[in-house]
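As a plain string of letters, each chain reads:
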Amino acid sequence: MGEPVIEVEDIVTRLGGALIHDGVNLRVQRGEVTALIGGSGTGKSVLLKEIIGLLKPQAGTIRLFGEDVWNASESGLMALRRRFGVLFQDGALFSSLNVEQNVALPLMEHTRLPPDECHELARLKIVLSGLPISAGLKMPSELSGGMRKRAALARALALDPELLFLDEPTSGLDPISARAFDRLIRLLSDSLGLTVFLVTHDLDTLLAMVDRIIVLAHGKVLGQGTVEDLRKIDDPWLRDYFSARYSEEHA
Amino acid sequence: MGMADPSLEVVKQAGQNVLRLSGHWTLAHLPSVAVLPSIPVGPLMVDGSDLTGLDPSGAHRLIAMLRQSGIRMENVQTRAMPSKAAQVWALVADRVRLTEGAESARPQGLLYQIGLGTAESWQHFMGVTNFIGRVVTEWLGLFRRPGAFRLKEFTAQMEGVFVYAIPIVFAMIFLLGVVFAYLLGVQAQKFGANIFVVDGVAAAILREISPVIVAILIAGRSGAAMTAQLGTMKVNEEIDALSVLGLSPYVVLVLPRILALLLAMPLLVFVGDVAGLLGGMLVANAQLGIEYSQFWDRLDSVLKMKTLLIGLGKAPVFAVFIGLIACRMGLTVSRDARSVGVNTTSTVVQSIVAVIVLNALFAVAFSDIGI
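Those protein sequence lines, which keep their order, are chains A and B. Position in the first sequence (first residue = 1) + 1126 = the numbering used here. Position in the second sequence (first residue = 1) + 1242 = the numbering used here.
You may find that some hints are simply not true.
Rough simulated footprint, nothing fancy, chain B against chain A, three-plus residues with beta-carbon under 8 Å [unchecked claim]:
hint, segment
1, 1133-1139
2, 1240-1250
3, 1315-1323
Covered by chain A, according to a simulated footprint, are these stretches of chain B (three or more residues, beta-carbon under 8 Å) [claimed, not checked]:
hint, segment
4, 1299-1310
5, 1321-1332
With a cut-off of at most 16 Å between alpha-carbon atoms, the simulated EDC-like pairs for lysine to aspartate or glutamate come out as follows [said to hold, decoys possible]:
hint, chain 1, residue 1, chain 2, residue 2
6, B, K1548, B, D1441
7, B, K1326, A, E1288
8, B, K1326, A, D1316
9, A, K1264, B, D1578
10, B, K1326, A, E1133
Hints are computed from structural coordinates only; laboratory data are not their basis. Values in this document were obtained by computation on a predicted structure and should not be read as measured data. The C-beta atom is built at its ideal place from N, Cα and C for all residues, glycine as well.
Given only the sequences and the hints, what does the whole structure look like? Please build it.
Shown next as structure tokens:
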């Protein structure tokens, strides 16, 4: 324990002339569930893209499992990518494949297991994600929003990653499905020992399942800690963010 | 790897069957083929004291092996597993039974296929009828409210469908004119009937080649673009948004497109006519020694107005079919990326088939009424 899985140091990002990040620093330890929050346009999703190696920052270093993402060799980056899974906001399921084929795809590409076992493992991931097994034969266009998220989670878990990135996991879900999804993530994180890093707006998610919150504002990390820690920070956006819930609970 | 490679052995300890696991039972270390040890059926103790890693894939492999050996999971106990591994084992053992009963889609029988085909054809027919009805109604509605017509969308479509298509249409029909005049010239020379090349080129280009080839070009170029654009708008829920804002997608999107095609197609066919005759003229001069002025005089005396008009008259009919097919396929895209591709392909195929079939019908009809 205590081993850092994600290390972000002095990240500077400019997009179309606008300064998005002005020296962002953060660390995530193994086994932790960490949430990144911040107002619209503070560059949360941009930071997530930089961490998973899709968008290059102008300056700074990002290390995953101690390896520099932006200076890794092609094969090094591929090896790194096998160790983490990403759940995209709208699922990003391949629309020409059914759910089971979507989940089996990374297994077929990246392991030497026979196709039958790949599909069996895909079915295991589908039920681990809380979908009925019959959902495996459905096409992504036939799924509801909540099922789509779960199918995408199953695909993110296909290669048994140590680290899971979630981009707004509960957006577009009704409160009941959202809480069920939170519980599922927490269960998987606890029983599989997953490190989870999520971008979210959902205050209930923060209260229900997150160990530590990192707040992004004005291009920097404004603060981090539990909900209680963050409530002590004097920032107008944070105050607004927590005020509704706080007055409700402490009335 | 060596040390980390997953392995297992079955031993008997104090009258109990024990499955000793060691090494990394994780996806990256799993051998590609499962080795099935002979495990006696009955109660089994799984010993994880030498286990260095276990992930869901590893646990799944082990549990699948046990089940294949006929061992019931109720009879399996674990001991000395690292706590993380024990949790993974418990989760997988608990959930793996839920993966049963999943059957791959079975190919359906002939009767099912015939039924499905019939139902789909009927739905397609009803869909087309409904679509044409909507387009005509909305069109008639425009006469009552001419202000609703989208002039800007129409001109934008005209620019795309007509203006930018001129170079390609000119080049293609010019080349066809060259080839046709050359091949005809080879035959005509044998009979010393060089000058009749003019008659042949004029009739073929104006009546058949230009209208059909232009229609096929436009089906591939503009028809495909319309389906892809409307389809992507459908996926993006933009079509729904238009309806909710009280705008008819037919008035805003479909009619300007069909109208643009209707106007652009005869114009493009005329461009093709000119290009094809020019090509023929060049070859007639180079290959057969027919002077440009000779070609022109002959053209003037043998080319009847009706030949030109037949060619130009077919164009709007082709245009309407291409427009209806392209817009309908665009609006019937379902909400995924694959469907956009399928429908775009379908637009091009349907349009080309329609153009060729219509052209054949025209040929038969014209010869029946003697023109």
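Results for each hint:
1. Residues of the segment 1133-1139 of chain A lying with their CB closer than 8 Å to a CB of chain B number 0, which falls below the three-residue condition for coverage.
2. For the segment 1240-1250 of chain A, the stated coverage by chain B holds: 6 residues have a C-beta nearer than 8 Å to a C-beta of that chain, and at least 3 were required.
3. Here's how the segment 1315-1323 of chain A fares: 4 of its residues keep a CB closer than 8 Å to some CB of chain B, so the rule of at least three is met and the hint holds.
4. Counting residues of the segment 1299-1310 of chain B whose beta carbon lies closer than 8 Å to any beta carbon of chain A gives 4, which meets the minimum of three for the stated coverage.
5. A stretch counts as covered by a chain when three or more of its residues have a beta carbon under 8 Å from one of that chain; for the segment 1321-1332 of chain B and chain A the count is 4, and the coverage holds.
6. At roughly 14 Å between alpha-carbon atoms, K1548 of chain B and D1441 of chain B fall within 16 Å of each other, so this suggested pair holds.
7. In summary, the hint linking K1326 of chain B to E1288 of chain A is supported, as the alpha carbons are separated by about 13 Å, within the 16 Å threshold.
8. About 9 Å separates the Cα atoms of K1326 of chain B and D1316 of chain A, which keeps this hinted pair within 16 Å; it holds.
9. Of the supplied pair hints, the one linking K1264 of chain A and D1578 of chain B holds, its CA atoms being roughly 13 Å apart against a limit of 16 Å.
10. For the given pair, K1326 of chain B sits about 24 Å from E1133 of chain A by alpha-carbon distance, which is inconsistent with the 16 Å threshold.
Checked against the numbered hints given earlier, the structure breaks hints 1, 10 and satisfies all the rest.
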